[in-house]
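Residue numbers (the working numbering), protein chains in the order written: chain A, 385 to 847; chain B, 385 to 847.
Any given hint might turn out to be false.
[As the list claims (entries may be wrong)] Computed list of chain B residues with no C-beta within reach of chain A, every gap over 10 Å: (1) E411; (2) S478; (3) E617.
[To be verified] Label pairs and their calculated CB-CB ranges: (4) A:R458 / B:E742: 41 to 49 Å; (5) B:E513 / A:L766: 42 to 50 Å; (6) A:G419 / B:D556: 53 to 61 Å; (7) B:Q710 / A:L766: 46 to 54 Å; (8) B:Y777 / A:G419: 20 to 28 Å; (9) B:A564 / A:D505: 33 to 41 Å; (10) A:R458 / B:E636: 35 to 43 Å.
Read the hints as simulated data drawn from the structure, not as lab findings. Glycine included, each C-beta is placed from N, C-alpha and C at the ideal position.
Here is what each chain is made of, one letter per residue.
Number of protein chains: 2
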Amino acid sequence: MDRDPESELAAEPELTEDEIEAEQVAELEDAIDSGRPQEVLDVLEQHHPADAADLLEILPRSAITETAELLGDRFPTPVLLEMRDEYRELVVESLPDEHLAEAIHNLDSDDAALLLDDLEDDRQAVILESFKKGEREELERVMAFDEESAGRLMQREFVAAPEFWTVGEAVDHAREHAEALPDVFFEIYVIDPAFRLLGAVSLHTILRNQRSAPLGEIMQPVRAEISPDMDQEDVAYIFQKYDLTSAPVVDESGRLTGMVTIDDVVDVIQEENREDLFALSGVSSADAFDTVLSTFRSRAPWLAVNVLTAFVASIVISFFAQTIDQIVALAILMPVVVALGGNAGSQTLAVSVRALAERELSGSTTRRAIFREGMSALLNGLVFSIAVSLIAYFWFRDVKLSVVIAIAMLATFLWAGLSGIIIPLTLKRLGADPAVASSVFLLTTVDIIGFLSFLGLATVFLL
Amino acid sequence: MDRDPESELAAEPELTEDEIEAEQVAELEDAIDSGRPQEVLDVLEQHHPADAADLLEILPRSAITETAELLGDRFPTPVLLEMRDEYRELVVESLPDEHLAEAIHNLDSDDAALLLDDLEDDRQAVILESFKKGEREELERVMAFDEESAGRLMQREFVAAPEFWTVGEAVDHAREHAEALPDVFFEIYVIDPAFRLLGAVSLHTILRNQRSAPLGEIMQPVRAEISPDMDQEDVAYIFQKYDLTSAPVVDESGRLTGMVTIDDVVDVIQEENREDLFALSGVSSADAFDTVLSTFRSRAPWLAVNVLTAFVASIVISFFAQTIDQIVALAILMPVVVALGGNAGSQTLAVSVRALAERELSGSTTRRAIFREGMSALLNGLVFSIAVSLIAYFWFRDVKLSVVIAIAMLATFLWAGLSGIIIPLTLKRLGADPAVASSVFLLTTVDIIGFLSFLGLATVFLL
Numbered sequence: 385m386d387r388d389p390e391s392e393l394a395a396e397p398e399l400t401e402d403e404i405e406a407e408q409v410a411e412l413e414d415a416i417d418s419g420r421p422q423e424v425l426d427v428l429e430q431h432h433p434a435d436a437a438d439l440l441e442i443l444p445r446s447a448i449t450e451t452a453e454l455l456g457d458r459f460p461t462p463v464l465l466e467m468r469d470e471y472r473e474l475v476v477e478s479l480p481d482e483h484l485a486e487a488i489h490n491l492d493s494d495d496a497a498l499l500l501d502d503l504e505d506d507r508q509a510v511i512l513e514s515f516k517k518g519e520r521e522e523l524e525r526v527m528a529f530d531e532e533s534a535g536r537l538m539q540r541e542f543v544a545a546p547e548f549w550t551v552g553e554a555v556d557h558a559r560e561h562a563e564a565l566p567d568v569f570f571e572i573y574v575i576d577p578a579f580r581l582l583g584a585v586s587l588h589t590i591l592r593n594q595r596s597a598p599l600g601e602i603m604q605p606v607r608a609e610i611s612p613d614m615d616q617e618d619v620a621y622i623f624q625k626y627d628l629t630s631a632p633v634v635d636e637s638g639r640l641t642g643m644v645t646i647d648d649v650v651d652v653i654q655e656e657n658r659e660d661l662f663a664l665s666g667v668s669s670a671d672a673f674d675t676v677l678s679t680f681r682s683r684a685p686w687l688a689v690n691v692l693t694a695f696v697a698s699i700v701i702s703f704f705a706q707t708i709d710q711i712v713a714l715a716i717l718m719p720v721v722v723a724l725g726g727n728a729g730s731q732t733l734a735v736s737v738r739a740l741a742e743r744e745l746s747g748s749t750t751r752r753a754i755f756r757e758g759m760s761a762l763l764n765g766l767v768f769s770i771a772v773s774l775i776a777y778f779w780f781r782d783v784k785l786s787v788v789i790a791i792a793m794l795a796t797f798l799w800a801g802l803s804g805i806i807i808p809l810t811l812k813r814l815g816a817d818p819a820v821a822s823s824v825f826l827l828t829t830v831d832i833i834g835f836l837s838f839l840g841l842a843t844v845f846l847l
Numbered sequence: 385m386d387r388d389p390e391s392e393l394a395a396e397p398e399l400t401e402d403e404i405e406a407e408q409v410a411e412l413e414d415a416i417d418s419g420r421p422q423e424v425l426d427v428l429e430q431h432h433p434a435d436a437a438d439l440l441e442i443l444p445r446s447a448i449t450e451t452a453e454l455l456g457d458r459f460p461t462p463v464l465l466e467m468r469d470e471y472r473e474l475v476v477e478s479l480p481d482e483h484l485a486e487a488i489h490n491l492d493s494d495d496a497a498l499l500l501d502d503l504e505d506d507r508q509a510v511i512l513e514s515f516k517k518g519e520r521e522e523l524e525r526v527m528a529f530d531e532e533s534a535g536r537l538m539q540r541e542f543v544a545a546p547e548f549w550t551v552g553e554a555v556d557h558a559r560e561h562a563e564a565l566p567d568v569f570f571e572i573y574v575i576d577p578a579f580r581l582l583g584a585v586s587l588h589t590i591l592r593n594q595r596s597a598p599l600g601e602i603m604q605p606v607r608a609e610i611s612p613d614m615d616q617e618d619v620a621y622i623f624q625k626y627d628l629t630s631a632p633v634v635d636e637s638g639r640l641t642g643m644v645t646i647d648d649v650v651d652v653i654q655e656e657n658r659e660d661l662f663a664l665s666g667v668s669s670a671d672a673f674d675t676v677l678s679t680f681r682s683r684a685p686w687l688a689v690n691v692l693t694a695f696v697a698s699i700v701i702s703f704f705a706q707t708i709d710q711i712v713a714l715a716i717l718m719p720v721v722v723a724l725g726g727n728a729g730s731q732t733l734a735v736s737v738r739a740l741a742e743r744e745l746s747g748s749t750t751r752r753a754i755f756r757e758g759m760s761a762l763l764n765g766l767v768f769s770i771a772v773s774l775i776a777y778f779w780f781r782d783v784k785l786s787v788v789i790a791i792a793m794l795a796t797f798l799w800a801g802l803s804g805i806i807i808p809l810t811l812k813r814l815g816a817d818p819a820v821a822s823s824v825f826l827l828t829t830v831d832i833i834g835f836l837s838f839l840g841l842a843t844v845f846l847l
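Just chain A, same shape as in the assembly:
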């Protein structure tokens, strides 16, 4: 904070965030157009790497490539790491091998694996060749883990010490080997001679204790052990539950093998949240910076399935073409039944998918939740079928029609409510993602039950 905030306010009166951003983008564009690397660097270095990455991402893709070619081996690695996948890949493609190798050398293993992953196989091999044997093998081990596993999330760099060390010895050691320490860390892991994890001492505990205190005495046990093959979603759950900032990763033999930090976990949390939201809305993946074609590709599959399911509903209606032909009020009212049923089902589905994601449904709470959804569907069904039935009565003055729509709606609500929780629970039990496909199945069956019950009952009682 070396600028006076008040004079800054005076110098930039009433610029909106969008205007400030537009100015900064223009400045960056000018620098790129100038063709002088130093000017571009100057602009980028005025900003935090995350902000610089944001600015670059606003530019058209061609300007990104241009910047990468212009800067070459001077492209700042911190900015590169902050860029979104597809933009980062653009830059990585344009950078010369030697610079990339050098950049990767200086990174923690999780970031190094990230950049290596952006490369084509043969280029990756060339760059890996430039590492010393031990380092190369370690990187290869990290990259062998499943993409969504703790092994990929973790970094190989951490700080560990034997339990007989004192606080003073740990601090002295850290000072002497400052360069070798990970960029960021929050705790020191205590290990036995076989590198097995015994506990953890957070840095604020180090600070709180006298130099003479042995680590073995002030360490805390590590409650939830993370193994390298644990799913990243489970890692995120453990971090949230125990309010962790970092956590050790321990292999099958109990040996400390890596460390996961909260910043990466927050990214996982956001990724999982995005996936659930999109899955429930039938989007397979998306990004505000996607192209028209990739947007089309991420949405077309759901819509294609939907064409089929919509026609299934149409076929159900067509069974009752004669009934509709005689009572046109049915065509007018039938969308009400399925619209309300569909919405009631979507509500339950959203709550169930979220509860599953937050691990709130297990054992006895599951039974309670199914009971609650059933009762609530009954209650909503009663209230809204009576409301709809009354409106229908005042519109068409036909008691039988009103009774038919009330019964059909109640049936649809019950189905919607129960399937809204049972479908995701079943998918989860089968090991599938409860969010994906839940809503297709729910909305299709709600349509079928809605049309079938309404038009079927009408055929029996109104004709």
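Mind docking chain B on chain A? Use the hints.
Just chain B now, kept in the frame of chain A:
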């Protein structure tokens, strides 16, 4: 880790997580039934507070009250803090004033405010009375901040030092005042004599540097300043963007006033994610542990609005009753038009709401996103209107009907795609939550446009 993981595995062969949980719940229930506080405490203390809270929450509400009455002033505060709002309130109601006051005394200010907030006004006043004047005023100041502001998220306890202090002085000071330090902290804030924030030194930087290094030289500037009245969503955004673990809160005069830590921010992130997901599905709030009545209450408003919007669609259909009477195929096909349009709109809405939440839509990216959604709606519209039109042709062998449904679908897709991004952007610009009400408005207008265009075109060209 003082247990041997292998012997544990041998002792508990093949129990599923649900079975382990059931066993633990049974143990806790037995202890409560025994009526002996020590037994309950023993069971609770076997677990991490977060796990103990989870176990309690599986019990029926009456058992929670019973536990609180049984334990009284021995109810473990860490477990209390980990409990969900409504369960925590149950316990707080059953605890005697003196114990509650004592528990609050020992907490960081954010947790203290949380518990105080659970109380009725007069009980809150009684408990606040028990504090010393200075402490009381500080708590009152925290509680005066808006519920979703940084002021509420932050704690008043942090570690600050003048810039001329060395690493050695800071460490010595921390050791001497170990008891007064916050429970958890990750950095030391550097301040001037007027308590204005100059920078921050993370604990791992303290560890890395020699005792003689002055804090003023090793500190990092604080890029994104958080003020007490900043919305918690903005705080979460800053934490994610800059990969923060903690951040100082600075008041209007530049004085350091509090500290926000990542564990609270992760809760905010999850809260905001839940809100967006539920808002898009028309649920006002929910919890897997809700009662039937509160479930009904959280869903009924949307369904009530939906009754009205569904009847608006019915009225649109009723304009064309005569047309449907003559061509019953229209009644059979019309749900296809609105189902596909509605789904295409929901996809766009989900992507837009998420992009807004992740701050990916600003200035020029907004224009690009609107263009992309428009083009993608056109592309999807063309592909799926041709598909539907072909299916309709093979079913009804009526070229005119096929052309009518194709045009209606294209119009509906274009409307759905554009309104899926423009509605949330407009709501955002008006300062409203882009997720709430977006889907009601979108689905209603899609229904109207779908029915109107399909039945209207049919009336003009098919009769």
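Task: Hints the structure fails to honour - done: 4, 7, 8 and 9
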